[in-house]
Structure formats: C-alpha cells, structure tokens
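*Asks:* Could you build the full structure based on these sequences and the hints that come with them?
Next come the chains, spelled out residue by residue.
2 protein chains.
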Amino acid sequence: MRVARPRCTLGMVVRGGGRGGACESRRAPRHGAGRDGRRPGQAGPGRGRSGPGRMSRQAGRSTESKKMNSELFTLTYGALVTQLCKDYENDEDVNKQLDKMGYNIGVRLIEDFLARSNVGRCHDFRETADVIAKIAFKMYLGITPSITNWSPGGDEFSLILENNPLVDFVELPDNHSSLIYSNLLCGVLRGALEMVQMAVDVKFIQDTLKGDSVTEIRMKFIRRIEDNLPAGEE
Amino acid sequence: MRVARPRCTLGMVVRGGGRGGACESRRAPRHGAGRDGRRPGQAGPGRGRSGPGRMSRQAGRSTESKKMNSELFTLTYGALVTQLCKDYENDEDVNKQLDKMGYNIGVRLIEDFLARSNVGRCHDFRETADVIAKIAFKMYLGITPSITNWSPGGDEFSLILENNPLVDFVELPDNHSSLIYSNLLCGVLRGALEMVQMAVDVKFIQDTLKGDSVTEIRMKFIRRIEDNLPAGEE
Chain U
1 MRVARPRCTL GMVVRGGGRG GACESRRAPR HGAGRDGRRP GQAGPGRGRS GPGRMSRQAG
61 RSTESKKMNS ELFTLTYGAL VTQLCKDYEN DEDVNKQLDK MGYNIGVRLI EDFLARSNVG
121 RCHDFRETAD VIAKIAFKMY LGITPSITNW SPGGDEFSLI LENNPLVDFV ELPDNHSSLI
181 YSNLLCGVLR GALEMVQMAV DVKFIQDTLK GDSVTEIRMK FIRRIEDNLP AGEE
Chain L
1 MRVARPRCTL GMVVRGGGRG GACESRRAPR HGAGRDGRRP GQAGPGRGRS GPGRMSRQAG
61 RSTESKKMNS ELFTLTYGAL VTQLCKDYEN DEDVNKQLDK MGYNIGVRLI EDFLARSNVG
121 RCHDFRETAD VIAKIAFKMY LGITPSITNW SPGGDEFSLI LENNPLVDFV ELPDNHSSLI
181 YSNLLCGVLR GALEMVQMAV DVKFIQDTLK GDSVTEIRMK FIRRIEDNLP AGEE
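Chain order of the listed sequences is U and L.
With UniProt numbering as the guide, the letters of the first sequence map in order to residues 1 to 234.
With UniProt numbering as the guide, the letters of the second sequence map in order to residues 1 to 234.
Treat the hints with caution; some may be incorrect.
Since the list can't tell identical chains apart, any single copy or any two copies may satisfy a pair.
Only pairs whose alpha carbons sit at most 25 Å apart, straight line, appear in this in silico DSS-like list of lysine-lysine [as the list claims (entries may be wrong)]:
no., residue 1, residue 2
1, Lys203, Lys66
2, Lys67, Lys134
3, Lys67, Lys96
4, Lys203, Lys220
5, Lys210, Lys66
6, Lys220, Lys210
7, Lys138, Lys66
8, Lys138, Lys86
9, Lys100, Lys220
10, Lys86, Lys66
11, Lys86, Lys134
12, Lys86, Lys67
Simulated from the structure, these hints should not be mistaken for lab results.
*Replies:* In structure tokens form, the structure reads like this:
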C-alpha cells in the first residue's frame with residue numbers, strides 16, 4: 001500500500017479560501033512515481049456527482065478535526081438504513097446500496113485519512129491491517145477492533161468489533177433477517193483501499209445484531225491495482 | 001425545562017444484560033413529581049417502530065462514549081441527504097423529511113444526553129440556550145455555537161455555527177437551491193426539547209452553503225407542554 005502524502009488534501013485548505021480553495025488538485029492522493037492512484041474517469045471529490053452530498057472543499061474547512069460522541073452519528077445512520085429499507089424491496093438490495101454508499105464515502109474519506117493520520121507506505125497486508133484497526137477505526141468510529149484469524153497465506157484477516165457503534169440502539173425486526181445493517185463499513189473499507197491501489201473483499205461474517213457475541217469483518221486481499229482503466233463512481 | 005435524571009437510561013445498561021437489559025423503563029426520562037415527560041402513545045426507544053433504525057438497548061452497550069472524528073458522520077449524512085433527494089421530488093419535501101427524521105432522533109437522543117450531561121433543570125430559556133450550545137452541540141457535533149440575537153422578550157435566540165460539520169465537503173448544486181441541507185438539526189432540537197416539555201420552533205435563517213458567512217439557527221420558545229394528549233411518532 002502506497003500512502004504517499006497528497007500534495008493537497010481536504011485537511012489542508014486555507015480557511016476562507018473559497019469553494020475549491022487555492023489548491024488545484026481535488027483528486028485523491030497520488031501514489032508516488034508519477035502514477036495516479038485514481039484511475040482516469042473515476043470521480044474525485046467535488047467532481048462528477050450530481051447529488052448534494054458531493055464533496056468539495058468548503059470555505060472555512062479547517063485542519064482541526066471535530067471530535068464528537070458517536071450517538072448522533074449512530075442514530076443518523078439508523079435513519080439512513082430505515083430510509084433505504086423503505087426504498088428497496090428486499091434486504092439484499094439494501095445491503096448492496098449500503099455497500100455502494102460506503103464505497104463512495106471511502107474513496108473520499110481516504111484523502112482526509114492520509115492527511116490526518118500521517119501514516120507512511122504499508123509494506124504488507126499485516127501493516128495495512130494495523131493501520132485500519134488502530135488508526136482508521138479509532139479515528140472515525142472511536143473504537144479499536146482486534147485483528148485475528150489470519151489466513152496462512154497472510155492475505156486474509158478478521159477485524160473483531162466488540163462494540164460496534166453503528167448498532168447502539170438497534171435491534172433488527174424479524175422481517176429484516178437478511179439485512180447487513182452495518183454494511184456501509186464494508187464499502188468504506190473497500191473504497192478507501194481501492195484508492196491506495198488495493199482491491200479487497202470485505203464482508204461481515206459475524207454480527208451482534210444477529211445474535212453473535214462479537215461483530216467480525218473479514219477482509220481478503222485480492223490484488224494490487226496497477227491498471228489505469230477508466231472506472232466510474234459506483 | 002425539567003431535566004430530572006431518568007432512573008434508567010441508555011447509558012446505564014449493564015453490559016451483556018441482553019436486549020432490553022435488566023432495566024424496566026425504555027421510555028424517555030420522567031420529569032419529576034410523577035409526571036411522565038412522554039405523552040402516552042408516543043413511541044419510546046425500542047418500541048413502536050417498524051424500521052431497523054429503531055432504538056433499543058443493546059447487549060454490550062456501555063456508558064463509555066465513543067469519541068470519533070466527524071468526517072465519517074459528515075459523509076454519511078451526505079449520503080442520507082443525497083438519497084432523500086432521489087426519493088422526493090422537490091427540496092421542500094426533502095426538508096420536511098430531514099426535519100421529521102431529526103425529530104425522531106431528538107426524542108431518542110435526549111435520554112442519552114440527560115444521562116451523560118448530568119445537567120439539572122433549566123430555570124429559563126437562557127439557561128436552555130446555554131445547555132444546548134455549550135453541552136449538547138459540543139457533545140454530539142464537537143462544536144460550540146455562540147448564542148446571539150436574543151429577542152427582547154427572551155423567547156428567541158440564535159445559534160451561530162461558524163463551522164457546521166455537516167457541510168464539510170459539501171456544496172449545493174444549482175438545482176437544489178431550496179434545500180435546507182442541515183435541516184435534520186432543527187428536527188433533533190425540536191424533538192429533544194419536546195421530550196423535556198418545551199415546544200420550540202427551530203429553523204435555519206443563515207447558511208454558509210447558501211453563501212452566508214455563518215450558519216444561524218433561530219430558536220423560538222412556543223409553549224411549555226403540559227398536556228398528556230396522545231401523540232404518535234412523526
């Protein structure tokens with residue numbers, strides 16, 4: 001995983017610099033040696049989206065992060081899932097939509113993460129696992145999952161969440177037994193890692209919402225992304 | 001504003017106590033002297049909702065709050081607003097839906113707030129304003145708005161948000177000029193205050209997303225809620 005610091009990140013916009021700021025690049029971080037981690041055509045923050053949730057540098061955005069309790073986030077996430085359950089006919093479609101939304105969040109969040117975390121390039125998947133669990137989860141969800149169940153080949157591991165903040169206050173109704181409530185997280189991880197050129201498969205294999213004692217996210221390394229094929233936003 | 005500590009709150013569930021926990025009450029805090037702050041028929045946490053976002057005590061929920069950076073919340077909120085913009089034909093309907101969702105969040109969040117904040121009963125609307133700006137906003141959004149523009153009668157004030165975390169990364173597309181992007185917050189305030197027996201009107205009157213230099217939320221005290229008329233969840 002190459003994690004070269006982007007020349008210009010969301011977190012470094014001069015306050016009051018106006019929309020878009022004085023900074024040319026709105027794209028995801030470059031990953032060294034003249035290669036662009038984003039594949040051409042892939043939408044960058046603030047570009048290529050029509051929805052109001054599109055990301056762009058905002059006047060007044062500062063490097064200072066706002067630390068908040070997780071409960072408002074938790075309840076807002078619940079409102080999102082509830083809305084999707086109204087919009088889609090079955091749980092599978094909701095799961096897909098959550099993953100897709102998460103992906104789009106992940107490809108944006110990575111830039112903020114690289115700017116704030118100051119992490120260097122990861123040398124292997126084990127180091128990537130450490131960065132995800134100990135820095136990223138702590139930063140954005142306030143928890144530190146444990147890393148377990150490595151595959152012999154070192155290409156798969158599990159993140160164990162003893163307390164998943166997304167499911168505070170939640171219990172699944174019987175008619176949503178196939179809902180993967182927190183599936184947004186899988187999409188976030190997949191999207192963020194894709195931007196640092198790692199294709200991964202991410203899925204929940206245990207979930208306290210379904211009676212398991214812990215929540216377990218399984219991450220499998222698929223391949224290093226080297227191509228520059230065009231890809232649209234999901 | 002009466003803010004008697006609830007006997008049993010979300011934050012005090014024994015870990016591993018099972019869904020619903022050992023604690024009888026799932027309702028909002030009582031407000032002294034045998035009166036129940038919730039009007040009969042109003043849905044309490046974990047009851048009376050069909051969506052998966054309904055709130056109930058979860059096994060494993062602890063009193064410890066998870067502090068997180070706001071960026072994941074911000075982007076998730078963006079996904080919610082984007083989804084609503086797909087679902088509803090015009091901005092006014094999206095605004096209403098955001099307010100309604102916020103209301104439902106507020107009636108749940110208040111219990112968590114009372115448990116964590118340890119605030120006592122407010123003697124007047126000025127004290128209420130202080131609690132909202134200095135404790136609630138700080139707790140759940142990581143910012144402390146300033147309180148200004150009091151009406152002569154002391155029944156209206158403004159909260160000035162210099163940096164609204166909800167709008168980091170966001171700019172409104174031209175075809176959503178009527179969208180009140182952060183309207184969820186108005187609903188949250190309205191819902192939470194209703195649970196402590198204050199009917200308030202809450203609206204945005206300035207918004208950095210619309211070119212204003214700050215974001216201003218105007219809060220107007222309407223009346224003290226004394227009746228016990230049944231009211232459903234919005």
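*Asks:* Taking the hints in turn, state whether each one holds.
*Replies:* Okay, the hints, checked on the actual structure:
no., hint, in the structure
1, Lys203 <-> Lys66, "between (29 Å within a copy, 23 Å between copies)"
2, Lys67 <-> Lys134, "both (17 Å within a copy, 14 Å between copies)"
3, Lys67 <-> Lys96, "neither (30 Å within a copy, 28 Å between copies)"
4, Lys203 <-> Lys220, "within (9 Å within a copy, 47 Å between copies)"
5, Lys210 <-> Lys66, "between (32 Å within a copy, 22 Å between copies)"
6, Lys220 <-> Lys210, "within (22 Å within a copy, 43 Å between copies)"
7, Lys138 <-> Lys66, "both (14 Å within a copy, 9 Å between copies)"
8, Lys138 <-> Lys86, "neither (32 Å within a copy, 32 Å between copies)"
9, Lys100 <-> Lys220, "within (18 Å within a copy, 40 Å between copies)"
10, Lys86 <-> Lys66, "neither (32 Å within a copy, 29 Å between copies)"
11, Lys86 <-> Lys134, "neither (35 Å within a copy, 36 Å between copies)"
12, Lys86 <-> Lys67, "neither (31 Å within a copy, 30 Å between copies)"
Going down the numbered hints, you'll see the structure goes against 3, 8, 10, 11 and 12, while the others check out.
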